[in-house]
Amino acid sequence: MGAAYIEQVHDVTRLVPAGRVTTYGAIADFLTLGSARMVGWALFNSIRADDIPAHRVVNRRGELSGRNHFATPGLMQEKLEAEGVVVQDDRVRDFDRLFWSPTELLHQ
DNA sequence: TCACTGACAAGGG
DNA sequence: ACCCTTGCCAGTG
1 MGAAYIEQVH DVTRLVPAGR VTTYGAIADF LTLGSARMVG WALFNSIRAD
51 DIPAHRVVNR RGELSGRNHF ATPGLMQEKL EAEGVVVQDD RVRDFDRLFW
101 SPTELLHQ
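What the first sequence shows, in the working numbering, is residues 1 to 108, in sequence order.
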């Protein structure tokens with residue numbers, strides 16, 4: 001996995017609407033390349049890029065598993081709450097309702 | 001080369 | 001809904 005793969009993950013992440021969340025696995029499925037772990041790895045390589053809404057990517061249970069990789073431990077939650085997403089115990093409330101899959105782009 | 005570690009996930013119990 | 005196992009695969013030492 002190289003720079004091209006990282007760019008693809010970043011591009012998909014940018015498509016996640018504000019106030020919605022997606023998962024590592026959903027992005028991996030959409031790309032049909034790499035794995036959920038690789039998506040996490042690609043996002044880790046996005047720390048410096050402020051224009052990537054990495055806070056909208058959570059694990060399959062809606063947990064903020066990436067929170068410790070943001071500038072501050074609370075930043076991921078703060079960004080989500082600024083978009084109206086309620087976080088409770090490091091987990092997105094109403095995750096099923098807020099989940100957004102990139103495959104929805106194909107159903108338009 | 002080997003072993004271990006993760007921003008993970010699916011399936012069973 | 002939780003716990004455990006298995007599969008996953010790039011980095012790291």
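These are calculated hints, taken from the structure and not from any lab test. There could be a bad hint or two in this list.
[Claimed, not checked] So the derived label-pair ranges between C-beta atoms look like this:
#1 GLN108 <-> PRO73: 15 to 25 Å
#2 ASP96 <-> ALA36: 12 to 22 Å
#3 VAL86 <-> ARG60: 31 to 41 Å
#4 THR72 <-> LEU106: 30 to 40 Å
#5 GLY2 <-> GLN88: 18 to 28 Å
#6 GLY84 <-> GLY2: 14 to 24 Å
#7 THR103 <-> ALA4: 28 to 38 Å
#8 GLU63 <-> GLU104: 31 to 41 Å
#9 VAL86 <-> GLY2: 33 to 43 Å
#10 ARG60 <-> LEU105: 16 to 26 Å
#11 THR32 <-> GLU81: 11 to 21 Å
#12 GLU78 <-> PRO17: 26 to 36 Å
Backbone N, C-alpha and C fix where the C-beta goes; we use that ideal spot for every residue, glycine too.
Hint check:
1. At roughly 37 Å, the beta carbons of GLN108 and PRO73 sit outside the given window of 15 to 25 Å.
2. Taking 12 to 22 Å as the suggested C-beta distance range, the pair ASP96 and ALA36 conforms, at roughly 19 Å.
3. Taken as a hint, the range 31 to 41 Å is violated for the pair VAL86 and ARG60, whose Cβ atoms sit roughly 19 Å apart.
4. Separation of THR72 from LEU106 is about 36 Å and conforms to the stated range, judged on CB atoms against 30 to 40 Å.
5. The hinted range of 18 to 28 Å is not satisfied by GLY2 and GLN88, whose Cβ atoms lie roughly 38 Å apart.
6. A hinted range of 14 to 24 Å for the beta carbons of GLY84 and GLY2 is inconsistent with their spacing of about 36 Å.
7. Look at THR103 against ALA4: about 21 Å separates their beta carbons, and that is not inside 28 to 38 Å.
8. Taking the beta carbon of each, GLU63 and GLU104 are about 22 Å apart, not inside 31 to 41 Å as hinted.
9. Distance hint check: the CB atoms of VAL86 and GLY2 are about 37 Å apart, consistent with the given range 33 to 43 Å.
10. Between ARG60 and LEU105 the CB atoms are about 20 Å apart, so this pair conforms to the stated range of 16 to 26 Å.
11. A C-beta distance of roughly 33 Å is found between THR32 and GLU81, which places it outside the suggested range of 11 to 21 Å.
12. The beta-carbon spacing between GLU78 and PRO17, approximately 18 Å, falls outside the hinted interval of 26 to 36 Å.
Hint compliance for this structure: hints 1, 3, 5, 6, 7, 8, 11, 12 are broken, all remaining hints hold.
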